[in-house]
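> Residues per chain are reported as follows:
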Amino acid sequence: MNLLSGPPTVVAAGVDVFSTALRAQGAEVHEVDWRPPGFGDPADLATLALDRRRAAANRAAVERVMAAGSQLVDVRPAREVLGLADRTLLHAGPPIGWDDASGPLRGALIGACLFEGWADTVEDAEGLLASGGVALDPCHHHRTVGPMAGVTSPSMWVYCLEDPVTGGQAFCNLNEGLGKVLRMGAYGDEVLTRLRWMRDVLGPVLQAAVRSTAEPLDVKAVLAQMLQMGDEGHNRNRAGSLMTLRELSPAIVEVDAPSSDIAAVLRFIGGNEHFFLNLGMPTAKLALDAARDVPGSTMVTVMSRNGTEFGIQTAGTGDRWFTGPANTPVGLFLGDYGPDDANPDIGDSAIMETYGVGGFTMAAAPAIVRFVGGTVPDALATTERMYQLTLAENPAMQVPILGFRGSPTGIDVLAVARTGWLPQINTGMAGRVAGTGQVGAGLVQPPQECFEQALAALAQEARAAA
Amino acid sequence: MPVRHVSLRSGVYADSVRLMQVSRDVGAREGVTAVLVAMGTPLNLELAAGMGLAPADGASPDQLLVAVEAVDDDTLATAVAAVDAALAARERAAGPAQAVPLRTVGAGLDALDGDGPALAVVSVPGQYAVAEAADAVAAGRSVLVFSDGVPVEAEVALKRAAHDAGVLVMGPDCGTAIVSGLALGFANVVRRGPVGLVAASGTGAQQVSCLLDTAGVGVSHVLGVGGRDLSGAVGGLATLDALAALAADDGTERIVVVSKPPAPAVAAAVSEAARGLPVPVRSAVLSPETPDLTAAVEGVLGDLGVAVPAWPSRPGDGTAAAPGAVLKGLYSGGTLADEAMLLAAPVLGDIRSNTPLRPELDSALDPSAPDLSARGHVVVDFGDDALTVGRAHPMIDPTLRLEAISDLAARREPAVLLLDVVLGYGADPNPAASLAAALRAAGLPTVVALIGTEADPQCWSRQADALAAAGAHVFASNAQATRHALRLLGAVQ
Numbered sequence: 001m002n003l004l005s006g007p008p009t010v011v012a013a014g015v016d017v018f019s020t021a022l023r024a025q026g027a028e029v030h031e032v033d034w035r036p037p038g039f040g041d042p043a044d045l046a047t048l049a050l051d052r053r054r055a056a057a058n059r060a061a062v063e064r065v066m067a068a069g070s071q072l073v074d075v076r077p078a079r080e081v082l083g084l085a086d087r088t089l090l091h092a093g094p095p096i097g098w099d100d101a102s103g104p105l106r107g108a109l110i111g112a113c114l115f116e117g118w119a120d121t122v123e124d125a126e127g128l129l130a131s132g133g134v135a136l137d138p139c140h141h142h143r144t145v146g147p148m149a150g151v152t153s154p155s156m157w158v159y160c161l162e163d164p165v166t167g168g169q170a171f172c173n174l175n176e177g178l179g180k181v182l183r184m185g186a187y188g189d190e191v192l193t194r195l196r197w198m199r200d201v202l203g204p205v206l207q208a209a210v211r212s213t214a215e216p217l218d219v220k221a222v223l224a225q226m227l228q229m230g231d232e233g234h235n236r237n238r239a240g241s242l243m244t245l246r247e248l249s250p251a252i253v254e255v256d257a258p259s260s261d262i263a264a265v266l267r268f269i270g271g272n273e274h275f276f277l278n279l280g281m282p283t284a285k286l287a288l289d290a291a292r293d294v295p296g297s298t299m300v301t302v303m304s305r306n307g308t309e310f311g312i313q314t315a316g317t318g319d320r321w322f323t324g325p326a327n328t329p330v331g332l333f334l335g336d337y338g339p340d341d342a343n344p345d346i347g348d349s350a351i352m353e354t355y356g357v358g359g360f361t362m363a364a365a366p367a368i369v370r371f372v373g374g375t376v377p378d379a380l381a382t383t384e385r386m387y388q389l390t391l392a393e394n395p396a397m398q399v400p401i402l403g404f405r406g407s408p409t410g411i412d413v414l415a416v417a418r419t420g421w422l423p424q425i426n427t428g429m430a431g432r433v434a435g436t437g438q439v440g441a442g443l444v445q446p447p448q449e450c451f452e453q454a455l456a457a458l459a460q461e462a463r464a465a466a
Numbered sequence: 001m002p003v004r005h006v007s008l009r010s011g012v013y014a015d016s017v018r019l020m021q022v023s024r025d026v027g028a029r030e031g032v033t034a035v036l037v038a039m040g041t042p043l044n045l046e047l048a049a050g051m052g053l054a055p056a057d058g059a060s061p062d063q064l065l066v067a068v069e070a071v072d073d074d075t076l077a078t079a080v081a082a083v084d085a086a087l088a089a090r091e092r093a094a095g096p097a098q099a100v101p102l103r104t105v106g107a108g109l110d111a112l113d114g115d116g117p118a119l120a121v122v123s124v125p126g127q128y129a130v131a132e133a134a135d136a137v138a139a140g141r142s143v144l145v146f147s148d149g150v151p152v153e154a155e156v157a158l159k160r161a162a163h164d165a166g167v168l169v170m171g172p173d174c175g176t177a178i179v180s181g182l183a184l185g186f187a188n189v190v191r192r193g194p195v196g197l198v199a200a201s202g203t204g205a206q207q208v209s210c211l212l213d214t215a216g217v218g219v220s221h222v223l224g225v226g227g228r229d230l231s232g233a234v235g236g237l238a239t240l241d242a243l244a245a246l247a248a249d250d251g252t253e254r255i256v257v258v259s260k261p262p263a264p265a266v267a268a269a270v271s272e273a274a275r276g277l278p279v280p281v282r283s284a285v286l287s288p289e290t291p292d293l294t295a296a297v298e299g300v301l302g303d304l305g306v307a308v309p310a311w312p313s314r315p316g317d318g319t320a321a322a323p324g325a326v327l328k329g330l331y332s333g334g335t336l337a338d339e340a341m342l343l344a345a346p347v348l349g350d351i352r353s354n355t356p357l358r359p360e361l362d363s364a365l366d367p368s369a370p371d372l373s374a375r376g377h378v379v380v381d382f383g384d385d386a387l388t389v390g391r392a393h394p395m396i397d398p399t400l401r402l403e404a405i406s407d408l409a410a411r412r413e414p415a416v417l418l419l420d421v422v423l424g425y426g427a428d429p430n431p432a433a434s435l436a437a438a439l440r441a442a443g444l445p446t447v448v449a450l451i452g453t454e455a456d457p458q459c460w461s462r463q464a465d466a467l468a469a470a471g472a473h474v475f476a477s478n479a480q481a482t483r484h485a486l487r488l489l490g491a492v493q
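Chains as they are written, first to last, in our numbering: chain A, 1 to 466; chain B, 1 to 493.
Only chain B is shown next, with the shape it has when bound in the complex (with noise of 0.2 Å):
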């Protein structure tokens, strides 16, 4: 037999929620039937009347009803006990806000305060890219989109909306900036100065900010364009708005422009652009004319009166490689495996590659991994976007190429290795450890081009020593590396 408890109480309010909310907790208690803790108001007593829970004399709006139904007159009265309890209870005290996070480049410029300089840089996977560095376009703000796999339409209208807002897109699938001494993704720490860097070619302005540096040459900024910039497709958007950014920054007294060749219109209107600009231009083209960063670096020197050093290296003796020995190229950076088979093509002849020179020396390799096993001159660029599906760059995961080497080894094919290593920010804190480890297990003679300074977090002679005493001959001009190699093959003396 239930029973039940109606009561009013005068000189207590509270809200409704609350006291819905006292109702639901109390009537969830083992033995309780129902409950109403309610204001008297018309509602509120229909409501307690269809309950069977009514008052006997009515009730005001202002009186507090508290009706409870239960199984027993225990349950009943601990149940109205808790009633009393709960109206007693105070709310825990709000705390402060809980951070929300924030999910776009959009809302993350937002809250910024100030409006000083700043820039997004997005490394989302390449089929979001586009929306986060939309927003950075809209925000007023320039941004590095490190993100590859961004459709090329994508691409033209990002950097035109950002022509449009005076801001500069960095990419896509751009991987080394430095913006006011502020080295961004894969870069060197190189010494601030005059030299202003516009870049198609990420690993080629490490070597160029590095050889700079080596000289005693600073850079004002780097700033990358991506790689496709100055295709026909894109036609430079970025190079020309970063020529005439640098060109007005006070920072900046020359300007170089580093990429593989350019589509011959987009040379002309970037020539065209840069002719008129109030400071010298230089451009550090690889091409079959222009092969070679080093030399390059070294007119920029000779334009500023400054001497060319002999750059840092670890050669070696002069060990020449066996007879009929052929040039097997591992390189982390497309730039330097261009560069080094630009320099080699013409003395070795045709080099198959991942990314050849011509197409029809395309290696046919299995996009989804290296195979060397093409016999003669290979050069294989492990960064290249269908290598790098699914794992890290080369640069900061060496396991694929540690791989290569080992094949190598094993194959007993007559060669000689030439690879890079990058060195700075982003890169394998150590690479030396494992690359000399593997190079003394391979027993081939080797080449490295070691991309870096002095002040990097791995420290250049540092790197040097190490590579040099697995056996390495170790330069850090991508181009002497290169010649080197060619020495050694006994094909240039």
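One chain only, chain A, in its complex shape (with noise of 0.2 Å):
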């Protein structure tokens, strides 16, 4: 036994009765800041702690998430991809109707009954939607997802990702680019002009170039290279747009399509500093779907929010939602624009954090930091932090500043409650009134409530497994 090999290296947790003493034997000593646990009962801590699967079953899960790999391998209509019936519309984050939908869903949803044909006038679509005369589902169940509100309709054009270590599948919507947009809650003529170009042109030429080339692009290698170029992947996707645009150019530009278009096409992407986020969110999401269903695993599989209630999964509760009232976050505001005109936290891309980017790696991108008024010292804090919430460090999202220490990846619902730490997001804010689009961005927390839950369950399916 390695115990009795040498005088050991103490590391104590709890009242400070004997730390004295040791130290003045000589012994080194290394006190943990221990707090009873954020949340949770006593039991169900206990349960879990020591549930004999959850080690094993935490590792299979985390070593499937780094496992999985991100290949562009397709741009097609949703209606195509997804079988998504007519009249019905993806969103973002947990199951919610029209009566308990954010303005900025509402306006999305009617900017999509505008966009697809299904109402002539604003008023048209609030009565048909009103009137359940449309079928709402989560993106997540459609392994899907969108950023802001999310959503998504059968005319819209998908990114279609491939990993190709399990022959899963993820999709995404593209990316509008900022400012008076669907995905913000905006639904006037200017969204809907762009959303039919996008489809008209974008998508098409997309799809040719996509489908034109050799390799596919490697997603999760432009996400890696990215976080070393001042991204996190979540809020701040500059560089990882430009390499898209540079993977693809040569592509595009070899399109049998008008030069003009063409140039619109490069210019869009050029020009939107979000464009790979849409790329970067389903990259993340095959690689937490292939960690779904692991019995005993108490790591976090979805974080997502529909603006009015935020909700997770893990890989040991399979499709439950946990769901709690979506927090509202704190930041930076565009224009004129304050605090009272944001709407709660929405959007499917927390499932950045949930991979281990974009917040978790906030020491990758000091500026971000900056939307809360913070330093160079908070953002390498955050992370630090992160890492005391999960699973593992992934080889593959390095962060150079910690010396290329591996991303915080795998969120483990224990931890959570032991630490009393909530994940850390980074977020873009949309209007609170339907059809203003994005009023900012900041940072923000999921309720505790949902982690609660979630750890209840957990305990629950351990004991009934014991």
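Because the hints were derived from the structure by calculation, they are not lab data.
A couple of the hints might just be wrong.
For each label pair, taking beta carbons as the anchor points, the in silico distance ranges come out as [stated by the list, open to error]:
#1 B:G58 to A:R196: 43 to 53 Å
#2 A:D120 to B:A88: 52 to 62 Å
#3 A:A56 to B:A265: 25 to 35 Å
#4 B:L112 to A:G318: 33 to 43 Å
#5 A:E190 to B:D25: 25 to 35 Å
#6 A:R463 to B:A295: 26 to 36 Å
#7 A:V253 to B:R9: 49 to 59 Å
#8 A:R87 to B:V12: 45 to 55 Å
#9 B:V12 to A:V433: 26 to 36 Å
#10 B:G116 to A:P250: 47 to 57 Å
Note that CB positions come from ideal geometry on N, CA and C, so glycine has one too.
Both chains are given apart, each in its own frame, so use the hints to dock them into the complex.
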């Protein structure tokens, strides 16, 4: 036994009864700054801590996350790929109906009805949606993710990503850019005009370009590189967007389309700093879907918000959602918008943090922390904290300033409870009123309730399995 | 009438986050009604137009737009100057990353450099101790769980996992251990030597290790296993692992198992395991048949061929107690209290206690406050869990026991007091000081079992002298102390 091979270094948790005596004997003592758990029934915490399946299950789950790859294999209309029935719209976050939908989600749903031609006026669209004339379903139920409102309609084109390891698939719509955009709840003429152009020009051009490349774009590799270039992959995608443009542009230029369309496509991609986000998100989704259904695992597989509620899922509890009221982000505002204009947290994009980047790799993108008046040391501390919430360090996603340490990956519900620290999420902010669009960007955390429910459910499952 | 400033600057670039900060800070100034400091992208120009601050001839994305609206010209001028100042200001240099506190044993072990021997010590409230101890086991590290109140099923699960991981769970409710000379918890400064102890009893291990030290024999390690380890429910899981670990340890030549009576099946399993080990194992079990730790130590010394010394004492004069006097034992160590009862009961008859030898002798003490009002022979264990809720252990905080001494003196029931005083790390730095004063005030004949060594921070002989000066009869052996008390009671010669 290693214990008896010499005077041990001591790691002490709890009341400082004996540390002084240990130090007086010349021992090396590290006292952890232990606190009572942030939440959770002590019996549930003990049950999970002692669940014999847990260590191996969590290792299996997080290894699947880290092993998953991501290739861009196609770009197709959602109708074809997802088999979306007519009058069906996907949205971000856990399930929600029109009555509970927040402004930006309503705005995006209205815009999608107008875009699809299911309604001619805003009023008609509202009536249609309010009467239940359009089926609503979470993106996550269709191997799909969507930023902000996440509204995906049959005529919108989606990226088709594939994990070469498992053969898994994930999908995400195309990013519209910033400002007055559907995903932020805007539905004016400029929004619809852009969506039609994306349907008629951008989608087909990207499809032709992607299909013509011999080697599919390795999206995971782009994500890994951008972390070394000042991006964190959620709220800052500049380097990733430019690398994607670099990779795709030769094929785009060769697409058989009017040169004005080619130019417009290149200009659109080059002018959109978040173009990559809609590729990063399904990359994370592929990895986390690979870790679904691992009995005994306490790892989070989904964090997602619909503008009203925040929902999570775990590897040990399948498709079950654990929800709580979404918080409103804190951050900086565009123009003269202010905190009162911001809607509560919305979007599937927290899949990036679930994957271990975004807010979790804040240290890679210190610019982001200034959204809340923070400093570079704050950014480093945020990532350092996240290491204590997670199961592993992903060697593919390195943070240069931390000595190329792998990103903190695989949120452990038990660790969240024990530390009392909630995951850090970087996010955009949509206007509270439907039709407004983006009002800012900032930082947010999930409501604790989600994790409380997940912990109780995991403990119940562990007891049932014992 | 609001006034406006709209200008474009070329060759200036700042990150949009920085510009949003500048806009927010300048916008917060008194009299400033709108600010947009942003690169001239289409989105930002649209925002500017919405605010009535669009540049007349448009702008290009590489130009910096400074647009300010204020209530008057002076305010406007100072606001624009503030924009310039903010753009020029350098963010304060990044200091070193602030230390992020480590919240769990798992995080603490994770942060250790190297893979040298390491041990986790957990003393968080019992209901939370399981997760911390499980962290250590999962990290392949042994753990001492000082906490009590850990459910027995959790103890079993932890110890099974530890066995599979090749590590040891000492405890829960383990107060004493010495690992490679490092004293953990309540432990004495004893020399290092060939005897390894496995202890289901903390004060028992202290008595044994101190007497061995007095005889010039050192210990290799003292591995506590927790008071429940040898119960039927736990089945000696940690004892068996500790035996195996000591047997494999180069510095251990023989092993002593110190415990209260184990469950019979567990005793058999431990004996069976002990027979299979390459080093001799002797048990120092307190039971009616084998009542005496001092005798067990003397047996070990015999095995080693070491002469049994005269155990240190300050016996004082032989004044007998008043006729009809009874024994009042006030202990801080549960095993020492047991030992006293096991030795005294055959002579005195039934002894009431909060930790009785037989259930029907339960003194029915109010578990929250020891009531010594029962007449006759009584032994109280002040270290029992029920009496330490919300207060420090009596080895650290003597208050309850001192109160009990003064209560007994006031009752005028003829009595002999029998006390233990345990020295060493973790214990009261000068227990004789308060106790001597209380004994002088009480004026009752008193025998003290003083468990410790000369090298202890409190120093055995200094404490013994102070107590003897207060009239106490002091013994390094609890068994000898008990027998002396019986002599004072006139119960033995």
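> Give a verdict on every hint.
Going through the hints against the structure:
no. : hint                         : verdict
1   : B:G58 to A:R196: 43 to 53 Å  : 26 Å, violated
2   : A:D120 to B:A88: 52 to 62 Å  : 53 Å, holds
3   : A:A56 to B:A265: 25 to 35 Å  : 32 Å, holds
4   : B:L112 to A:G318: 33 to 43 Å : 36 Å, holds
5   : A:E190 to B:D25: 25 to 35 Å  : 31 Å, holds
6   : A:R463 to B:A295: 26 to 36 Å : 48 Å, violated
7   : A:V253 to B:R9: 49 to 59 Å   : 35 Å, violated
8   : A:R87 to B:V12: 45 to 55 Å   : 50 Å, holds
9   : B:V12 to A:V433: 26 to 36 Å  : 34 Å, holds
10  : B:G116 to A:P250: 47 to 57 Å : 55 Å, holds
The earlier numbered hints that this structure contradicts are 1, 6 and 7.
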